[in-house]
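> Those sequence lines, one after another, are chains L and F. Each residue of the first sequence is one higher than the one before, counting from 1 in my numbering. Each residue of the second sequence is one higher than the one before, counting from 1 in my numbering.
Hints listed in this document are in silico derivations from the structure and should not be mistaken for laboratory results. Quick caveat: nothing in here was measured; it's all calculated off a predicted structure. Note that the Cβ used here is the ideal one computed from N, Cα and C, for glycine as well. Misleading hints may appear alongside valid ones.
Said to hold, decoys possible - What follows is a list of derived Cβ distance ranges for each label pair:
id	chain 1	residue 1	chain 2	residue 2	range
1	L	P79	F	A106	51 to 59 Å
2	F	I319	L	Y18	52 to 60 Å
3	L	V217	F	D149	25 to 33 Å
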Amino acid sequence: MTARVDRVALLAVPGLAYLAVIYALPLLMLLAKSIRTADGVSFGEYAAFFSDEYNMRVLWRTLRVAALTTVLALVIAYPTAFAMSRAKGPWLTVFLVAMVLPMSLGVVVKAFAWSILFRANGFLNSTLQWIGLTDGPVRMLFTETALVVGAANVFLPFMVLPIYAVVRQLDSRLPEAAASLGASPMFRFFNVTLPLTLPGVVAGSAFTFSMAISMYVIPSLIVGERQQTMSMLIARSFLYLRNEPLGSTISAVLLAIAIFVVVFSSWLARRLGARQ
Amino acid sequence: MTRLLSNGTSRRNFLKTSTIAAAGTLAAPSILRAQSSEIVIGCAGSHTAWMEQIVTPHMKEAIGADILFEGTKSSVNLEKMASNADAPYLSVVQMDDPVMIQSVEADLLTPITPDAVGNMTDLRPDAVHMEGMWCNYVQPWAGVAYNTDFSEGVPSWEALWDPANAGQVIIPSLQNTEGMWTLFVAAMLGSGKPFSEAQYEIEAAFAKLEELKPNLLSVYTTMSQAFNLLEQGEISMLSGNFSSYTLPRKAEGVPVDLAAPSEGIFAMPSGICLVKGGPNPELAQAYVNEMLGPKMQAEIADFASSVPANTTVNAGAEIPEGVPIFSPDWAFVAENRRSWIERFDKLMAL
Numbered sequence: 001m002t003a004r005v006d007r008v009a010l011l012a013v014p015g016l017a018y019l020a021v022i023y024a025l026p027l028l029m030l031l032a033k034s035i036r037t038a039d040g041v042s043f044g045e046y047a048a049f050f051s052d053e054y055n056m057r058v059l060w061r062t063l064r065v066a067a068l069t070t071v072l073a074l075v076i077a078y079p080t081a082f083a084m085s086r087a088k089g090p091w092l093t094v095f096l097v098a099m100v101l102p103m104s105l106g107v108v109v110k111a112f113a114w115s116i117l118f119r120a121n122g123f124l125n126s127t128l129q130w131i132g133l134t135d136g137p138v139r140m141l142f143t144e145t146a147l148v149v150g151a152a153n154v155f156l157p158f159m160v161l162p163i164y165a166v167v168r169q170l171d172s173r174l175p176e177a178a179a180s181l182g183a184s185p186m187f188r189f190f191n192v193t194l195p196l197t198l199p200g201v202v203a204g205s206a207f208t209f210s211m212a213i214s215m216y217v218i219p220s221l222i223v224g225e226r227q228q229t230m231s232m233l234i235a236r237s238f239l240y241l242r243n244e245p246l247g248s249t250i251s252a253v254l255l256a257i258a259i260f261v262v263v264f265s266s267w268l269a270r271r272l273g274a275r276q
Numbered sequence: 001m002t003r004l005l006s007n008g009t010s011r012r013n014f015l016k017t018s019t020i021a022a023a024g025t026l027a028a029p030s031i032l033r034a035q036s037s038e039i040v041i042g043c044a045g046s047h048t049a050w051m052e053q054i055v056t057p058h059m060k061e062a063i064g065a066d067i068l069f070e071g072t073k074s075s076v077n078l079e080k081m082a083s084n085a086d087a088p089y090l091s092v093v094q095m096d097d098p099v100m101i102q103s104v105e106a107d108l109l110t111p112i113t114p115d116a117v118g119n120m121t122d123l124r125p126d127a128v129h130m131e132g133m134w135c136n137y138v139q140p141w142a143g144v145a146y147n148t149d150f151s152e153g154v155p156s157w158e159a160l161w162d163p164a165n166a167g168q169v170i171i172p173s174l175q176n177t178e179g180m181w182t183l184f185v186a187a188m189l190g191s192g193k194p195f196s197e198a199q200y201e202i203e204a205a206f207a208k209l210e211e212l213k214p215n216l217l218s219v220y221t222t223m224s225q226a227f228n229l230l231e232q233g234e235i236s237m238l239s240g241n242f243s244s245y246t247l248p249r250k251a252e253g254v255p256v257d258l259a260a261p262s263e264g265i266f267a268m269p270s271g272i273c274l275v276k277g278g279p280n281p282e283l284a285q286a287y288v289n290e291m292l293g294p295k296m297q298a299e300i301a302d303f304a305s306s307v308p309a310n311t312t313v314n315a316g317a318e319i320p321e322g323v324p325i326f327s328p329d330w331a332f333v334a335e336n337r338r339s340w341i342e343r344f345d346k347l348m349a350l
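Given these sequences and hints, build the entire structure.
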């Protein structure tokens with residue numbers, strides 16, 4: 001049995017080799033560049049990065065935007081996943097196509113579409129004025145709000161699908177049992193349904209946060225150069241400043257955050273799974 | 001167990017054949033490219049229209065070359081050349097003068113010579129740089145692009161700072177070459193000196209740029225998006241835009257025009273160079289020769305409303321009369337640009 005398992009494990013070798021060469025090796029080279037100097041090893045670039053007030057503002061903005069994007073995507077995705085789990089036949093197909101089809105549309109096209117939506121005489125401003133919520137056009141283009149809305153739109157499927165996968169397997173008799181014991185709808189949701197779906201929420205949030213924290217094209221097009229994010233700083237360092245140590249340092253900081261998110265979410269998902 | 005397949009192929013032979021097949025598959029594009037008439041040209045993203053419509057078909061007919069072009073910013077072209085210096089895949093690059101200077105310093109270019117590129121002898125003397133390391137092929141002029149639904153013109157660069165235009169202006173980042181124009185305008189207005197002297201007054205330039213912030217909707221690195229907002233009327237002015245982009249759009253009936261403010265306009269430094277050690281060098285030289293020849297010069301200059309560099313050609317954009325045209329000290333720009341970019345980003349950040 002052990003030999004059989006070992007042979008099956010060999011199937012992972014091509015994938016691991018691919019990741020080692022295409023992913024791990026370049027990352028190690030990148031990390032090496034961030035600490036290698038003519039005199040040996042130095043963490044001077046890290047010290048310089050963290051002591052620059054502008055870099056700290058960019059780091060904070062990147063984390064804030066990623067967190068807000070994750071929260072917005074979760075708020076939209078959670079009820080959507082439940083609706084999908086109840087849908088049958090053609091409705092389920094409609095839901096799945098609605099989730100997957102927008103992913104085939106390039107971010108550049110979406111960004112141009114959003115600019116039409118968000119502009120001063122665009123649909124949103126016209127609607128707000130028509131229903132009397134605003135007297136004149138509100139600035140939406142090139143704002144952090146527009147960035148969060150746009151990013152949540154792009155990453156929504158990555159939040160919906162993991163939650164949907166968990167919700168679909170939810171035993172519907174459990175909330176019913178709680179109801180038969182007199183639990184109110186709110187109590188049933190917070191003490192039965194939500195805890196059982198948390199692994200999907202954690203997985204979706206980890207996906208969304210990891211992608212939102214490293215997004216480059218979306219902020220470049222929606223908020224531009226006046227609200228730079230970490231990825232934009234990396235591109236600027238490599239392509240325009242031609243400062244590889246700085247670019248490698250920022251990449252390493254971003255990578256450390258992403259690794260923390262993945263490891264923490266895995267730990268959280270295991271812990272939640274164990275509790276259940 | 002040593003036989004893997006029914007036809008008797010051994011495991012060793014199978015692995016050997018697979019390795020050769022994989023290596024062949026990976027190497028195939030390079031091998032085919034080396035043997036084919038295909039050359040890869042790095043150029044500006046904004047040149048896509050005329051590269052596709054004019055240059056590609058002409059090169060196929062004139063020199064039998066299949067052109068594969070990669071449109072991006074000059075700085076990105078420089079990075080591509082530097083990253084692939086050991087095995088270049090670009091044969092020719094069309095980019096701006098300040099980045100050309102950096103490329104020469106990094107030893108990434110090979111000189112263009114009249115022996116191989118005969119049309120070079122017909123160029124204006126000031127279009128050939130650093131003993132033929134690169135040539136300017138056409139020169140658009142740069143001013144202020146504006147939406148004609150909101151304004152009848154931009155008589156002075158001061159209009160960018162006019163409080164009436166709050167939130168109505170977009171300027172290019174200093175990462176883009178055309179971003180330098182707003183910097184030099186700020187230097188001129190801030191110091192009160194003419195462009196030729198003001199270009200060195202960088203402290204005055206940044207102080208004046210800070211005053212521009214209330215009027216800025218954004219700072220762009222992707223020009224097409226900013227231009228789209230100008231066309232839609234979301235902004236009224238786009239600083240530092242150039243004739244090769246605005247005037248063709250105007251000719252298509254879009255409500256935009258390019259103003260030449262009275263203080264002066266700028267000559268865009270569009271250059272062409274041969275990549276050192278690039279593939280198909282003879283074809284690359286033939287390509288450059290065609291680009292500098294009268295037919296291509298006339299067609300590109302007309303299409304992109306630019307001034308041809310070939311003195312035998314009478315075509316293209318008309319320079320606005322009575323307005324001084326300024327070409328900056330690009331060596332000074334190349335030397336200081338990185339620190340300017342960092343300072344600019346911090347100054348403009350929200």
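> If a hint holds in the structure, say so; if it does not, say that too.
How the hints compare with the structure:
1. For the pair L:P79 and F:A106, the beta carbons lie near 56 Å from each other, so the given range of 51 to 59 Å is met.
2. Distance hint check: the CB atoms of F:I319 and L:Y18 are about 56 Å apart, consistent with the given range 52 to 60 Å.
3. Roughly 30 Å separates the CB atoms of L:V217 and F:D149, a value that falls within the hinted 25 to 33 Å.
Of the hints listed earlier, there is not a single one the structure fails to meet.
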